[in-house]
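Student: In case you want the letters, here they are:
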Amino acid sequence: MSRERVLRAIRVLDLSFFEPFVRLAFGEQPGRQLRKIALQVLVPLASFGLFLGAWTLAASNVETKYGTLPTPAQVWDQAGVLIAEHHAERQREADFHAAQARKAAELERAAAVLAGKADRGDPAPGLRDDAALLRDRARQTRAQRYSGPPTYIDQILTSLKTVFLGFLVASLIAIPLGVLCGLSRTFAMAVNPFVQIFKPVSPLAWLPIVMILVGALYTTPPEEAWFEKSFVTSALTVALCSLWPTLMNTALGVSSVPREYHAVAQVLGLSWWTRVRKIVIPAAMPMIFAGLRISLGVGWMVLIASEMLAQNPGLGKFIWDMFQNGSSQTLAQIMVAVFTIGAIGFLLDRVMVVLQRLVSHQPEVA
Amino acid sequence: MPDSGRARCFVELYNLGKSYDTPAGRQVVVRGFELRMEEGEFVAILGHSGCGKSTVLSMIAGLNAISEGGIVIGHREITGPGPDRGVVFQAPSLLPWLTAFDNVMLGVRQVHPRATRERRAEIVRHHLELVGLGDAHDRRPAELSLGMQQRVGIARALALSPRLLLLDEPFGMLDALTRMELQDVLIEILERERRTALMVTHDVDEALFLAHRIVLMTSGPEARVGELLEVPFASPRRRAAVLQHPAYYELRARIIEFLDEHDPMHRTTAAPA
Amino acid sequence: MALIELRGVGKTFPTVAGATEVLRGVDLTVAEGEFVAIVGFSGSGKSTLMSILAGLLRPDAGEVRVDGQPVRGAGPDRALVFQTYALLPWLSVRDNVRLAVDAAFPGWTAARRRAHVDEHVAMVGLAAAAGKRPGELSGGMRQRVAVARALAMDPRILLLDEPLGALDALTRGTLQAEIARIWAVTRKTVVMITNDVEEALVLADRVIVLEPGPRAHLGPSFAVPLPRPRVRAALNHDPAFAGLRNQILLHLTESRARRAGAARKVTHA
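For the record, the sequence lines run as chains E, L and F.
Numbered by the numbering used here, the letters in the first sequence go through residues 1 to 366 in order.
Numbered by the numbering used here, the letters in the second sequence go through residues 367 to 639 in order.
Numbered by the numbering used here, the letters in the third sequence go through residues 640 to 908 in order.
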């Protein structure tokens, strides 16, 4: 691959961190690249190292009701413990399913024996009924779900699913509304009071309302429902809080589509729908994505809070549970959760940045 | 005549060159640029964009290091920027939070640190008056048209009483009519005060109207002086008289032909258009 | 027979300082197949005039007729080329042109539309760059795309709003020759606004001065009897060119000076 292509890919992926390494590898102005590496790599590493050092020193001096403040090393250990627990739990689950399968097989064998007797003309009454009963029991045994506690990794996955559903709902509402607001001043004025009043509302205030409404309206029996109630509650709370940035950015992006593009549409005689599809939305795309990026960030923060408050499964609940249990590892595990939340938030943001880069139509400068 | 010429020589650029080190090797932008100017003379450097003419000007201004040769102004070799040279750039670059008056005052205070407040205000007022902004002292850049902003830029440069005025495409951002208007303002001031000025431009008519001599630069890399034209129009210069001078369109044709010959696109067809 | 007719056209815009009358009493007649250049400078109301011709703005006074019919809005019979190119940056050269062709000829088969697009991209010499996006093109190439897009609609009238204003002198010269060549082939009726007197003289049959606003109106009209094709380099040796250019330039500077003088008197009164 040529140097330009690598550099361009790096820029699109927003990995400018690696740029000096690549340039150095291609032997370009080594002194300058080394200085850049020092700035971009060594300085952040050094500052993080200082932070860890200060933390380690301070930890032993802070006494909490759960013991002394855990050091970074202890937090690291707990992360390992949480992962090990996850694997152990998965192992237990696998064992459980294996045991169930064995039991089911035994039951089926017994059923087969009874059925065989009946086939050979054994006159004992109810043999066939018993065989059917055993087969039924075997089916149930096989179908039985493992009901162990969710592990740390499970909680992470639940949180991610929840935030994505909420984000999706928010986007599906906010983008069309935003486009209409941007196109029509009348519509924007009609929507404006809701935006102004609901935008600053904390997720904690929405949560009870959402819980009550979901409880009242989402009456599908649990075994037929696609989603659990708690999942829907969290996702809707996320959606309610995270739709505003997308709505406002979309409206702004659409209303600031250059006048000349509208003039072009007029001169070309494009229909309203073609104009929206071919000109307005592509032109507003970078702004829309900027809004989505903020929305996803907000959604992730809101989610943790709502999970904590509503005791809905996810990382928030994990933290709350740890806080309630109060074992000696509690504090360290909460800190693991904090770092996890931060890291996932960062990754989500990166993903959005990349998407934003891909839809923005700036000329790529090599 | 040659003797007196040397005696009156005020600005001398000798064997001036500029080159950069790049990963692809040494890149020569300008090489062997020679020019002498008398006091009170107006010289225009004309060339295609990217030919290095602005590089020459910024070396004279002391804003760009000299790679080869040197620059002597008033018998002193220059090494960096100084108040003896005033520069007007293409963008007026005024400070948006200061009024026209304060923008000009900013430099005056540096050059005349010991003058009384009244004396300094007098200098500022005089120069704003010169550029025709006598009644716009208190306006901020945002309240001025681009043409008026550039007038402030010229007043700011003149108020420092530089011995040499350097103009880097000063009217490049203005429309043709405003450009002509500012050319009229500029030539009137320069002729009345007998200032020495060096201007970089790519506008043929601008160079012909303002300059006593025109330096035609070849296109870079390794740009140098291609031709030196004497402009024979009488002072004071008036637009109608200059345009109707029998030599005007001949000179214009000659310059355009020179520029067409040195069209960088023709020479390097491999470069993207 | 006049193809374009403007009678007493006026336009007023509301501003913070009250209503500003940008245009007043603009009269213009353009014959079919004629190339008319209007020379005006920034703030002279030329963009407003162009928008009215294109049907993007409605005049407050007077009327605009094309082929005898009053203009009620933008239409595919009048294609406008913007100074800023107004290309859609997310579409390739070909797709920018296609957008116009699809809108102008919905009844055509896909194959015919594709051929029409390719023909016009090739006409402006961009066949090799058809797949590129505007961001990858130079200013001159972008303006070629804009011209191709306008011509591909096969309009009766081509409106050029300072088409070369944002380009450097060299590229301007090249594109002027290009426009002259295309005009010689297509013989569209063209109204061009420019601030470059020389450009007007190179291209147009007639040059009209737009006396600057507020209350801009059309000033004297100069017929350009110079033989075609007009080669820029040779024109400087042509006394007729020099005479016309001086006449127009001096008229412009004098009318500007008169206006400035009048304005000064008003403020002092």
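Wrong hints could be hidden among the right ones.
[What the hints assert, rightly or not] To list a few chain F residues with every Cβ distance to chain E over 12 Å, as calculated: (1) Ala713; (2) Gly779; (3) Ala789.
[Claimed, not checked] Now the stretches of chain F that chain L is said to cover, found in silico as 3 or more residues with beta-carbon under 8 Å: (4) 667-676; (5) 694-707; (6) 886-898.
[To be verified] Below, a sample of chain F positions facing chain L; criterion: calculated Cβ distance under 10 Å: (7) His755; (8) Pro851; (9) Ala881.
If you're looking for bench data, these hints aren't it; they were derived computationally from the structure.
Each residue gets a CB set at the ideal place from its N, CA and C atoms; glycine is no exception.
Student: With reference to the structure, classify each hint as holding or not holding.
Tutor: Against the structure, the hints:
At roughly 4 Å, the least C-beta separation between alanine 713/F and chain E is not larger than 12 Å, which violates its mark as non-interface. Here glycine 779/F stays apart from chain E, with its beta-carbon at least about 15 Å from theirs, past the 12 Å limit. Here alanine 789/F does not stay apart from chain E, with its beta-carbon only about 8 Å from theirs, under the 12 Å limit. Look at the stretch 667-676 of chain F against chain L: 0 of its residues bring a Cβ nearer than 8 Å to a Cβ of that chain, fewer than three, so the hint is violated.
Residue count for the stretch 694-707 of chain F with a Cβ under 8 Å from a Cβ of chain L: 0. That is fewer than the three needed, and the coverage hint is violated. Counting residues of the stretch 886-898 of chain F whose CB lies closer than 8 Å to any CB of chain L gives 5, so the stated coverage by that chain holds, three being the minimum. A cut of 10 Å between beta carbons decides the hint on histidine 755/F: the least distance to chain L is about 25 Å, and the hint is violated. Among the interface hints, the one on proline 851/F holds; its C-beta lies about 8 Å from the nearest C-beta in chain L, closer than the 10 Å criterion.
The beta carbon of alanine 881/F comes within 4 Å of a beta carbon in chain L, closer than 10 Å, and the hint placing it at the interface holds.
Comparing the model with each numbered hint stated earlier shows that hints 1, 3, 4, 5, 7 do not hold.
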